[in-house]
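Asker: In UniProt numbering, the protein residues as written are 1 to 379.
You may find that some hints are simply not true.
[Stated by the list, open to error] Each pair of labels, with its calculated beta carbon distance range:
#1 Trp-288 x Pro-69: 16 to 24 angstroms
#2 Gly-189 x Asn-32: 23 to 31 angstroms
#3 Ile-61 x Glu-38: 39 to 47 angstroms
#4 Ser-125 x Lys-31: 25 to 33 angstroms
[To be verified] Derived DSS-like pairs: lysine-lysine, alpha-carbon spacing no greater than 30 angstroms straight-line:
#5 Lys-271 x Lys-258
#6 Lys-81 x Lys-147
#7 Lys-238 x Lys-273
#8 Lys-271 x Lys-245
#9 Lys-60 x Lys-101
Hints listed in this document are in silico derivations from the structure and should not be mistaken for laboratory results.
By construction, the Cβ of each residue, glycine as well, lies at the ideal position given by its N, Cα and C atoms.
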Amino acid sequence: MALPWLAVLLTLICCSMTTDHAISDPDPPIKNLRIDPERKRLVWDQHENVSEIGCYVNSKILRKAIQKPYCSLGDLSCEVKNYTVKVIKGQPFSAWIQYPKQGNPLAAADNLTCRVHDVDQLSCSWAVGEEAPANIQYHFYLKHPLKTWPCPKYMQNQQGVNVQCHFDGLSLQPERQSQFRFLVNGTSGGSKIPCRQMTHRLEEIEILAAPNITKKWCNENYSFMEWEVRSLFTEDIKYELEIQKGTDLAYKEETELKVLGLRNPGPYTVKIKAMDSLFFGSRPEGQWSAPQHLDCGRKDASFPIWLVYLLAPLGALLLVGLVFLCRRWPLMQKLFPRVPHVKDPVGDSFQNERMMAWDPEQQSQEECPVVRVQVLEET
1 MALPWLAVLL TLICCSMTTD HAISDPDPPI KNLRIDPERK RLVWDQHENV
51 SEIGCYVNSK ILRKAIQKPY CSLGDLSCEV KNYTVKVIKG QPFSAWIQYP
101 KQGNPLAAAD NLTCRVHDVD QLSCSWAVGE EAPANIQYHF YLKHPLKTWP
151 CPKYMQNQQG VNVQCHFDGL SLQPERQSQF RFLVNGTSGG SKIPCRQMTH
201 RLEEIEILAA PNITKKWCNE NYSFMEWEVR SLFTEDIKYE LEIQKGTDLA
251 YKEETELKVL GLRNPGPYTV KIKAMDSLFF GSRPEGQWSA PQHLDCGRKD
301 ASFPIWLVYL LAPLGALLLV GLVFLCRRWP LMQKLFPRVP HVKDPVGDSF
351 QNERMMAWDP EQQSQEECPV VRVQVLEET
């Protein structure tokens, strides 16, 4: 009696472990289950009137398909996943596929790294897979949910395999604050090469450019410096300063301002680095500026550059005015001639006076009455 019961028990266990897969049904309601990578959909052919179907990824419900033969998936991962469809209303049925198709993971691109640098440049690099075939070739894509950018400029190794990609002048408005996928596909004849990817916002991988010093000035009592930093992707920026006064040890301080003011500074050297003020611990380090040396202890310290800019045009304007007056001096003499002085035969100051000759023959001369003077003898 034990043997028949054992046979029945084994039959029940086997039946409970059987999946409602398409292979078990000679005429399934769902056929040709597949992935449409262009539209990012899980698609199938439906042969029966099934009103509601559930779509699952790795056994987790994604969404329901009602009166349509597909489910939208969003971004497709390089990781191999199980995509399953199940009939929710109607006769139980399910089918599944794996995507992407399995390949040798050691042939995929290795050590994928991407950085935004120099304000609007994007550079990505990767290594050839350890077990990649000899005819391997890699292709890079920058992906956004609504758009894909293929690599515009590759750099190759000695074997002619693409190992770097460079984007000049990133212009991704308004998508620049979104998540981006950095994807490397591999091809090798008939061999299947797995892809490699990572997902980031661009500000998370940005190396902030070195601050640009725009103003600096100092004297014995005070020192002033101002700078600026350009970034298309990082909005909240703070600055780390490394300051060394004279022969003292250098010290560091942080500020969210774009200026540095020091009292009684003496000679000192400073360099500046920008960083993300919110997530600086998990972001790439920014670039240091060139060291700036200011000798503020000398009395002949240079004037503020803004004062030079102000005085230079004033001096030029004054020079132009003097030249104009010098060139107009003969005209002014004609308009305002000097009044001649009468010659003083007694005094000796006439030697320094400019005299005017009197010509009695000139017609313009005025007729003056002449009186004869008689000298009477003394009595």
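Asker: Would you pick out the hints that fail for this structure and give their numbers low to high?
Answerer: 1, 3, 4
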